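Undergrad: First residue of the sequence shown: 34, per our numbering; consecutive thereafter.
For the record, the hints were derived by calculation from the structure and aren't laboratory data.
Keep in mind that the hints are not guaranteed to be accurate.
[Unchecked claim] Calculated pairs, DSBU-like style, for lysine-lysine (alpha carbon to alpha carbon, straight line, at most 30 Å):
id	residue 1	residue 2
1	K598	K552
2	K720	K971
3	K720	K942
4	K945	K714
Predicted model, so just to flag it, every value in this text is computed and none were measured.
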Amino acid sequence: MSIRKHVPIEHAEWSVQPPADWVQQRSVDWAWRPGEGHGFGYLLIDEQHHVASQALYARTVKMLISLSAVQTQSQVVVEFDPAAQRLQLHELAIWRMAADGAWQKREPVAKEAFLLRQREQQFEQQMLKGYVSLVALLEDVRIGDVIDLSWTLSPREPLPGLRFTALHFLAWSVPVATYYLALTAYFGQDLRWRLLVPDAVAAPAETVAADRVTWQFERPPLFQAEGNVSGGHWPFPVLEATAWQTWGQVSAFFAELWADAATEDSASIAAEAERLAAGKTAADAALAALRFVQNEIRYLSVDFGHGAGMLPNGAGTVLRRRFGDCKDKSILLVALLRELGVAARPVLVASTWRDGIKRLMPSTACFNHVIVMFDLDGQRYFADPTVVGQGGDLAHLSVPPFAASLEIDQATAGLLDLPPAALAELTLTETFILDRRGVNGAVEQVLEAGGWLADDIRAAILNQGQRQFAKHRADALQQNFPALQPNPDSLQIDDDSDGNRIALRSRHGLPTWGQTGRKPPDFFSYGAHGLFLAVETIDPHQQRAQPFQLRHPLRVCHSVVVRGKTVKKQKAGAFRHEGPGFRYRVDIQSRRREVRFDYLWESTATEIAAEQWPGYCQQRAVALERAGALVHTPAFKPLTAALSFFPVLAVVGGLAAGWLGNAGNNSIVREAGGIEAAGSKAFEHIKRSEFTQAYALAAAVQSNYRNNFDFQIMFTEAALRTGHFAEAEQALEQARSLRAGDILPEQLQAALFEARGQLPQALELLKRLASQAGAPERVYADLARIAERMGEFGGARTAWETVLARHPAEPEALYSLARLMWLAGERERADNLITGVIASQPVSSAALESALARYFSVTGRPERAIDPARRAAEREPGDPYLAYKHVRALIESRRYDEALAVAIGVDEKFPKQPMAAAALATAAAMANDNLRAEPAFKEWVELAPDNPDAVSSYGFFLHRLGRDLESQTVLEQGTRKFPSHGNLWLNYAVTLEALGDAAAAQARQQAARLMTDEQRATLVR
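Kindly produce the complete structure, drawing on both the sequences and the hints.
TA: Have a look at this one:
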């Protein structure tokens, strides 16, 4: 049985017939509907196992309640393995509600309407499964329809000795009305079952009848998966059923099944083992066999045919083909080791669940990966033959990180624990030699790693090639130092393969640590980016209900050494900080013409519990404020981003002594719950950019907080964003009187100048602020924006470069600098800058993907913007703004129908969210669905009265409908409220021209003066 039998698609067995007698029919709750925000849901999911024959009956009854669901769910696919299974299709029908409210079944789909197709969905992952798909393209599917599908899969040629097993994780991300799971015909099968239910989690009801047990789960709660969760954490019910009584039975089954595979073509195996052992000790020969299988037998899973998924190919076949999956490579390694006189066995593991399998009953369904265990000279070793580039002699071999395993041997009695992971270490030392003459400047990099980190680096070098690997490392450094002169050929590799340590040395020219062709700046700015070669990147704004897995044990050090005559001696210092799961240290040493920064990060736990997550994010942020590098940076927000750090509760709580007696009579204050509550709610609204609500509350209690600086700043922001410029000016003056010399009121003054359209005054003020020592990044960002609007492109580039010098992957700065480079004709360099920075990140954030989409859009390549816009929305599925940007990318690519389908889904997912209404309004208007567009525009304006784009777009929509007088009223009011918004003036001019109004020319002039290049490039008509 070492060679599996393949069944071609034309021999696949499938038929249309009624279900078997053992199938129990279920009723459907036709009154149930999916909750708000979901495009479809299941009225019924029914799974019934016939234990004796191991057949599985399934039925799904799915209701479609949105256009996007009709678009994506109306193609029915049933996938099966033709070598291992027979498919019996029972019925595919569409139900539709009649005018009287009764549900009527349409004629079931005929057999002739089905197509049999073969596709390899995991081909790019080097996996071929040989599955075929039975496909039906349904006709006349409408919103509100229900698709009713039932089928049975039966074993075609069951493997001898294979007992029944089932493992069901009862978690769904879409609404389900009723779920049934049944086991029938289990008498005489020694069947056991068990339901694992976490505390405080809903569970299905169990009913036991004659030769049948049924679980019924009514309205199971929705489950939202989170990233980086340990595979053994199951926050939902898990139902397991098995006819295996012991792990020894499972092991013996595999041992017998695989016995022939390990001995196939023993002559070829012996010859290869002899070649590998020539001139070597027993330990070195065993290591040579492992390296041969890891590095010279490529990974390719051809996992179809009889026994697919459980039966390996023979060792001789794998050796001849020079490829195989984990089973194949393990069998070959076991055969070679045995030929070398080494006791070796395959070992089953669960690559995701890991030691979670220790909570389960014995079963063949627990495992999805195979490694090898062998004994030599009294020592036991574990090795993964699918790992590429692994180092270390037998004493330094990294243990596969799977925690628990099952040895395939007739004598096995139970699960076997793998040794714990050893410490992994990485050290990056970067020495910057600074020379103001631009002659001898250089960067020397030394990257050292041990343990599995060394293995990862070797694998990367093998997969990419040494020169390409070196180029990627130099490109990452060049994002921080644009003048870097990369020298990939300087890379030297010192690989201590026996000790499993690797060191990479390289040297690059650095004529200046600022911009190319300019004088070196007065400061050197660089952060501890090397920490994040191994430390996890996170989204600190994410809320978690599940634990976050850490790499542990881990020790990462990044040392930055700055040398040169221009370097001034600095005071030595140290910083220590500990938080949940980590320990962090910074040491600063200095001597004449040299300063050294040593950043050290150590893990102290394997995971962060969900209740620890906020504290972990907070303490990690405190630590990394002293690293000079950002782990995750959201896109620049309005100035409210600065306000979000104000201690709102402390501020408001300290104002009680300043209450005025008559303020309690204010109805707004009473409705808010009092003065303190009104002040606190105003701060919360400002954080969410809800300026109208914030202004109303803040204005009502403003006199109570005249002596509070933070409140005056918040009120200024609310007032200027809602067009109350005089009040904003007064609040600014009060803030200045409370804290003389503070830069924040001056930043808001510049924002007020901009809001009034006084761009020269804003520019002059921001230049003055930027010249001050320690000016915050927000000043440079605002300076860059205003400088560009005033045509000072060189100044804008310099300002954005300053931001990037401090925060190398800041999305807004990265996008803006790349766009300015593109406009200056440096198109290839601009593309390389933004794509290179994003590619160098350990995990690209939604903010960076959104910045890339925006860049492609503004540079006239809207088709290329679609994928990053989609990825951004997928990475932050709870952010309606990113979903809106995905719709915009589709619109700009003229994919209007697709944009509308996506926008409908967005509006359903985010009801009463302004950006969802914006997506629907814009997409519907471009698809000429005006009946849908107009109410969506009105909702957008109502939900976002402080967004000039809402007013501008609604006014232009009215113009398109020929309602120019209404359009004029809307846009005229908008220009008064938002006098500096270029698009508003443009749309106002268009409407005035349609009315023959002479004021159109002046409006055109205002538009030409105020519109940005981005507004012009992304204008949708």
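Undergrad: Hints first: check each against the structure and report whether it holds.
TA: Hint-by-hint comparison with the structure:
Only pairs whose Cα atoms come within 30 Å are accepted, and K598 paired with K552 is accepted, the gap being roughly 16 Å. Using a Cα cut-off of 30 Å, the hinted pair K720 and K971 holds, with the two alpha carbons roughly 24 Å apart. The straight-line distance between the Cα atoms of K720 and K942 is roughly 23 Å, inside the 30 Å bound, and the hint therefore holds. Distance hint between K945 and K714 is fulfilled; the C-alpha atoms sit about 20 Å from each other, no more than 30 Å.
Hint compliance for this structure: no hint is broken.
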